Structures are given as C-alpha cells and as structure tokens.
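*Asks:* If you read the protein sequences in the order shown, they are chains A and B. Start counting the first sequence at 3; every next residue gets the next number (the working numbering). Start counting the second sequence at 254; every next residue gets the next number (the working numbering).
Be a bit skeptical, because a hint or two may be false.
Said to hold, decoys possible - One-sided and incomplete, this derived list gives chain B residues near chain A with beta-carbon spacing under 10 angstroms:
id, residue
1, 299
2, 304
3, 311
4, 382
5, 425
6, 426
7, 434
8, 457
9, 460
10, 482
11, 489
12, 502
13, 541
14, 543
What the hints assert, rightly or not - Pairs of lysine to aspartate or glutamate, EDC-like flavour, derived with a Cα cap of 20 angstroms:
id, chain 1, residue 1, chain 2, residue 2
15, A, 242, A, 301
16, A, 242, B, 547
17, A, 371, A, 110
18, A, 371, A, 322
19, A, 242, B, 471
20, A, 242, A, 283
The set of hints was computed from the structure by calculation and includes no laboratory data. Remember, predicted model here, so these are calculated numbers, not experimental data. Backbone N, C-alpha and C fix where the C-beta goes; we use that ideal spot for every residue, glycine too.
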Amino acid sequence: MTGPLAGCRVLDLGIITAGAATSAMLADLGADVIKVESPGYHDPFRRWSGPGGADDSPFFRFTNRNKQGIGIDIKRPEGRAVFMRLVARSDVVVENFRRGVLAKLGIDYPQLRAVRPSIILASLSSHGEFGPDADRVSFGTTLEAMSGLAAETGYAGGTPTVSGRDLNYPDQVVAIFAAGMVVTAWHAAQGRQGVHLDLSQRELTSFLLGERFVQGASGQPRGNTDPLYALQDCYTSRDKAWIAVTVEQRQLPLLAGLVADSAVGRVHERLARWMATRTAEEAVEALAALGIAAATARDGNEAAQGRGISWWEAVGTLPDGSLAKGFPFQFEDEPMQLTRPAPSIGQDTAQVLQDLGGYTPQEISALRKDGVIECADA
Amino acid sequence: MTKPLQGRVVLEAVSPRSSWGVRLAAAFAGRIAADLGAQVVCLQPAGEAALPDTNAAIEEASALHSFLSAGKNVVTGVGDDAASTLAREIAGGANALLGDDWLRNAAAEALGQKLAAGVPRAIVQVDMLPRQHAHEPPASEFTVEAESGLLDLVGDACREPVRLAGHQVAYSAGLAAYTGMVAAFCRRGPQPPVVRVSLLETALWLNWKNLATVSIGETPATRSGQAMSWPVVRCADGWVAVVYQPHEWETLRDTLGDPRLRDPRFGTPAGRASHASELAALFEGSLARLTRGEVNALAARHRLPLGVVQSAGELADDPHYRARSFVRSVASDAGSVSLPRLPVLWSGELFAPGRIPARGMQEEETLA
Chain A
3 MTGPLAGCRV LDLGIITAGA ATSAMLADLG ADVIKVESPG YHDPFRRWSG PGGADDSPFF
63 RFTNRNKQGI GIDIKRPEGR AVFMRLVARS DVVVENFRRG VLAKLGIDYP QLRAVRPSII
123 LASLSSHGEF GPDADRVSFG TTLEAMSGLA AETGYAGGTP TVSGRDLNYP DQVVAIFAAG
183 MVVTAWHAAQ GRQGVHLDLS QRELTSFLLG ERFVQGASGQ PRGNTDPLYA LQDCYTSRDK
243 AWIAVTVEQR QLPLLAGLVA DSAVGRVHER LARWMATRTA EEAVEALAAL GIAAATARDG
303 NEAAQGRGIS WWEAVGTLPD GSLAKGFPFQ FEDEPMQLTR PAPSIGQDTA QVLQDLGGYT
363 PQEISALRKD GVIECADA
Chain B
254 MTKPLQGRVV LEAVSPRSSW GVRLAAAFAG RIAADLGAQV VCLQPAGEAA LPDTNAAIEE
314 ASALHSFLSA GKNVVTGVGD DAASTLAREI AGGANALLGD DWLRNAAAEA LGQKLAAGVP
374 RAIVQVDMLP RQHAHEPPAS EFTVEAESGL LDLVGDACRE PVRLAGHQVA YSAGLAAYTG
434 MVAAFCRRGP QPPVVRVSLL ETALWLNWKN LATVSIGETP ATRSGQAMSW PVVRCADGWV
494 AVVYQPHEWE TLRDTLGDPR LRDPRFGTPA GRASHASELA ALFEGSLARL TRGEVNALAA
554 RHRLPLGVVQ SAGELADDPH YRARSFVRSV ASDAGSVSLP RLPVLWSGEL FAPGRIPARG
614 MQEEETLA
C-alpha cells in the first residue's frame, strides 16, 4: 500500500459501523488493514436487516472495502494464539465490542502489550472504558439522547428529536475522530510506544456541542434558527420543495427589497409568501444572486444524483465498477483510492497466516480442520 | 506525559469573507490540535461579518470563542494586507496551515521554511463546497445539510425538515480537517501535502447509508418523526428515546408492563413499524410514571438501550461524566467556564483544555 500510513498494520476487530469504519479510514490512508471475524460471530453488518437483501449487505460492502478479511475463533486458546502471533507483527488493533469482551477473550491492552509493546489499541465504546454507565447497552440514537444533542434538536418548543437509525450520527462521526486519534498516536510514537485509546461516542457527541456546555444549556429545541444569522429556516416553493435559506445580518435589507417589505420583523412571513409563488430553481437562483445561501432540501435520491456534478469524494468507485463509501477529505496530489472490495468471509485467512503469521500450509490446514480458523472455499 | 503534538506549530486562519461554516470547521480542528499539545496560532483578520444585534447572537459568539479558542494563541484585529504578511511570517515556523484558500494563497510558500528539512508539514484547505468555481453559489451549514440529504432525515414527514442542533456539519468537517492534517504529517516529501475538506463532501459522507441504499436502486430513507422506529416520548420529568433492537422487544414489552403491548399487531418488526405512532403513545403511557433516573435504572437492569434525554447543562453534573472528568472548569477573563475536554483518554490520561484567551486581544508574545 502507499499513503501516509504505508507500513502500518491494523488488526480490525470492528463491527457494524463505528469500529469497522475507523479501520476503513486507516486503510484509505495506506494502512494494511486485516478484518478479523470469528467463525461463530461474523460482523453483523454482513446480514443487516434493511436494503439489499441478506448476503453481505450494501452497508457491509460500503464500510469494509480496502481491507483483507480473515476468520479466527479467538474464544478458543488455539485461536487466541494465532491472533496474538499476528498482534506481535502489527501496529494497531481497533475494536468496538461491548466492554469486558476483550478481557474475557484474553486480548485486553496489557495482554496485547505483552506481545507487542508498541501496540496502539483503539477502543471505541458508547460510554468509555469506565464510569457508572460504562456497561450500559447503547446505540447511536441512545447516545444522541444522552449527550445533549437530542435536547437541542427539533422544532422550536417541541419534542427533542433524534436523527434515528437511518443516520445514527454518533456512529459516523466517531470513525473520523477515532481514525484521527490513531494516526496521531502512530505519528507521535513512531513505532516506539504503545497506547490504549479510550474513545467514548457519547463524549464525542457532547464535544460536538461544546459551546452549549459553555452556556450551560437547559435544552430546548431551537428549530432551524441559528443565532449567528438574522434568519434561517425552510420555506415551501410553488413546486412543493423545501428550500433551506440562511440570511446574514448584512443581507437583510437586500432580502427585504426582494420580498417587497422593509419591515424586518415581517421578512420571514413575506419570504414564505414570496417563495410560494416561485419554483425551487427560480427561488434559489434569485436568492443566490443577492449572495444569500439557499438550497433545496434534497432526499437521498437527489443527493446521490449530484455525484460527479457537485460532489466527487463521498462515494467512490471500486475497480469492479461498484460503488462504496468514499472519503470525507482528500489529498490533492496523491488522492486516496478504493482498491479492493469488502472481503468475503475468511477470504484471506490462509494467505495472512502464511505471510504474516509464518504458519506452514500444513499447520493452516490443521487449524482449519479443527475449526480454529475459517477460510474461504477454494 | 508529553502530548502527542508537542512541538508542532499550527497556523489557523480564514479570510474575514469566509462563511461561518469554514471558520468553525478550521477552529474545531485547531482546538483538537491545541488540546493534543500543538501550539496553535489563530490569526483572525479584521472585518468579520456583522452578527445580528441580539443577546442570543452575542452569547453564541462568546460561547463559541470560549469553546474553540481554548489553548490557542489568538491574534485579532489585523487589517487585510497586514494579515497576509503576518500569515507568511508565522507560516515560516509552522508545521501546518489550517484554514481556507486565502490562507493557502497567502502563506503556502512560506510554510515551514524556518524548520529543518524532513519535518512534518501540511496544508489543510477547508471550503463549503468541493471545488471552487469563479461563481460558487453562496452556502451555509444549513444549506449544505439540505444539499447533502441530511436535513431531509430529521423531523416530521408533514412538516419542514429540521437541522441537527449546533454546528454539526462544520464540526464534522473539522474532524476531517484534523485527521487529514495529522495524516499529512505522516508523509515525508519535498512538498507539503495539501488536504482538501469541504463541508458538503463530509456531510454526504455522513449520509452514506442513504447513498448506499440508492446505489442498489432502493428507496432512501426520509424523515418520519414519531413514526420512526425509535420514538422520543415523555416520562415523568423529561423525555426518553425508546431504542431497542428486534431481539430486545420482548424484554422491553415485559419491562414496561402494559398488556396492550402484547397485541399481536406489535409482535413483529413489520407490525411495529406499521403501527409506530400507536406504539409510541403506549410507550409514553408506560413511561409517564417514571423519572429519567428510574428509566436509567430500568435500562441498566434489563440491558435495554433506552436513552434519557439530557441537556448540556445537566451533563456537567452527570455522575458518569464526573467520574470521567469530562466537563472541565477553565479559567477565562470572564470567570470560570465549563468546557468539555477532548473525548479521548490516552492510556488513562486526559487532555485538559487550555486557558481561554481574552476576546479581541492581540497576543503580544505571539507577535514577538
């Protein structure tokens, strides 16, 4: 691999989104990422209920590209020994299991460090490694509620609102942050010193609302307004689209002229009436001509149609032509690329055990026969 | 503990003409770098866009300054030409530029000139939209959220879409900017790597589930308010997000104890989805007698992922956050301020936010 993390090897125990997406971003940056699944417990994302049927859901394929995939039953002593042999030749382990699982498997940080003192262990969890809520079961939506975000989101004076499972916001942002922390640790240590990164998704979601902690916010949904702007809301166009509009203080007189009302207090009402007599395209164009930010609220289909026209990186193309998750940032000179599709179960087990673990084909065959490892059918 | 970015110098600056989205993204990335030990010099050229003349705007700007400037050296009020000159001078001793195209144009050539060869360097350019054209349309965080499809996901189906609170799009781009910057530090070459971040690409990346759904020709999700599978309902002293997976349904049903939840219509995920509003009303009826504390205890006891709604103000005293020292009291000229620390522990060590510089003050020692 090439890229900033070339030479960095990552064992990816991540499942579903948070951990798996963190490792994917490390792979995009050039790390050699090996996804480790257990024969008895494959990544649940492979068979996620929702769009795309049962086999290797599109969510799995979008998230796990650019990785190799192996199968080891770490619950068994023989499997743990195989895993630890790989750890001894790796730089990073990423996991987002329930707290306590690593210790039960005998692969917690002290044990990883015993075989690889420079190992970086990134532990992504809902609430962190310790604290009264550390063992609480949570999903992204739980964390939106418990972090302060839901309390502030929603219609003014209305019900606190969550983004829901279609977005699961905390699961997405943590991957960018966690990858950043792993890269920071890798950069700082230069392979000399290990570290255990305790990454709490609830804390990150709160951190993304940091100014509200300064204000000691009591938590009231504020609708679409933003105190930094004179006016911000959605308005319906004649062709029944929702148009998002943001008006800066200095733009108020211009807007008042456009909607033919100089009474600032009534601009909101007049803008709604003005919008209702124009198509979305006409309205956005007229507002943009005044320097006012306006855009149609797109649904998923409309947003996707902008690929290659108004955006390029968020979704990428694999060598086989299929689409997969792209990049939230990009390098100008040596762009990150999608080079390989998500691995099938045990696709690279034999190769990785041979090349990295130093196992002979006979040993690999015996491990497979005993059910310690899982290999793709030849 | 030596902080991981100790010894690195980051120059953070945007043009006064840059939108709030770009400014907040760069500032957020800079705050992370400062917490991790970098010396972050934040150059704020004179001429910012005027804020609305309201208390809410003044309070918001002040809170943003406290949160985003902690631990930085802030240089304010420098005129256009002087700002460019100053940017070049500071860039000469800097490892990274973190800002917009104005900063890149002003200081890219000077970046790291006073540093030894082979030291890490990075140029991070943040934009609202992916590629700048001569007539780039005006954009805000809100309109980017609309274009990315994120806005369409939140709110009631019959009402206008509603944005995520705070500055989620800008801060997410800030996360991307930080990660891009430190990744660039890992590269060694004659030219500093240039990292491009746009709020729109980041927002679309966050919305990848919908884009994946569209890619296989299926119908993308849209907002469904209380009809969504995980509604937010009232309890005795607040609100609860009723989150559960299909395998947790029976536990939830039995825990809440309302016999009407045993109605066969609710027996399958599809049935529950079809009667989501009715189900939400039943959840509310069951939870109305319980306080959030009692809901928390119930959730912990039965291993249910219910989420009580807490505000930022309440979280400062939350026992879990206290145990993890997450909300810190930081000194500022205006007195003590509550700030969340960086949400990572480094082998158990936390990174406390640095002091909050006074607003509008020029840092003499930085300029010296």
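*Asks:* Quick check on residue 426 of chain B please, does its C-beta sit within 10 angstroms of some C-beta on chain A?
*Replies:* Cβ of residue 426 of chain B sits 8 angstroms from chain A, so the hint holds.
*Asks:* For the hint on residue 434 of chain B, just tell me whether its beta-carbon gets within less than 10 angstroms of chain A.
*Replies:* Hint on residue 434 of chain B: holds, closest Cβ of chain A at ~9 angstroms, below 10 angstroms.
*Asks:* Given a cut of 10 angstroms on the nearest C-beta pair, is the interface hint for residue 311 of chain B held or broken against chain A?
*Replies:* 9 angstroms, holds
*Asks:* Would the hint linking residue 242 of chain A and residue 471 of chain B be met if the CA-CA limit is 20 angstroms?
*Replies:* 23 angstroms, violated
*Asks:* Given a cut of 10 angstroms on the nearest C-beta pair, is the interface hint for residue 460 of chain B held or broken against chain A?
*Replies:* 7 angstroms, holds
*Asks:* For the pair supplied as a hint, residue 371 of chain A and residue 110 of chain A, confirm whether the alpha-carbon distance does not exceed 20 angstroms.
*Replies:* 28 angstroms, violated
*Asks:* Would the hint on residue 482 of chain B be counted as holding, given a Cβ-Cβ threshold of 10 angstroms to chain A?
*Replies:* 6 angstroms, holds
*Asks:* Can you verify the interface hint for residue 304 of chain B: is its Cβ closer than 10 angstroms to any Cβ in chain A?
*Replies:* At 6 angstroms from the nearest chain A Cβ, residue 304 of chain B passes the 10 angstroms test, so the hint holds.
*Asks:* Hint check: residue 242 of chain A vs residue 547 of chain B, CA-CA at most 20 angstroms. Holds or violated?
*Replies:* 44 angstroms, violated
*Asks:* Regarding the hint that residue 543 of chain B lies at the interface with chain A, is the smallest CB-CB distance below 10 angstroms?
*Replies:* 15 angstroms, violated
*Asks:* Interface hint check: residue 541 of chain B, Cβ to nearest Cβ on chain A, cutoff 10 angstroms. Holds or violated?
*Replies:* Interface hint status for residue 541 of chain B: violated (14 angstroms vs cutoff 10 angstroms).
*Asks:* Against the 20 angstroms threshold, does the CA-CA distance of residue 242 of chain A and residue 283 of chain A hold or violate the hint?
*Replies:* Roughly 11 angstroms between the alpha carbons, so the hint for residue 242 of chain A and residue 283 of chain A holds.
The structure fails hints 1, 11, 12, 13, 14, 16, 17, 18 and 19 (numbered hints given earlier, in ascending order).
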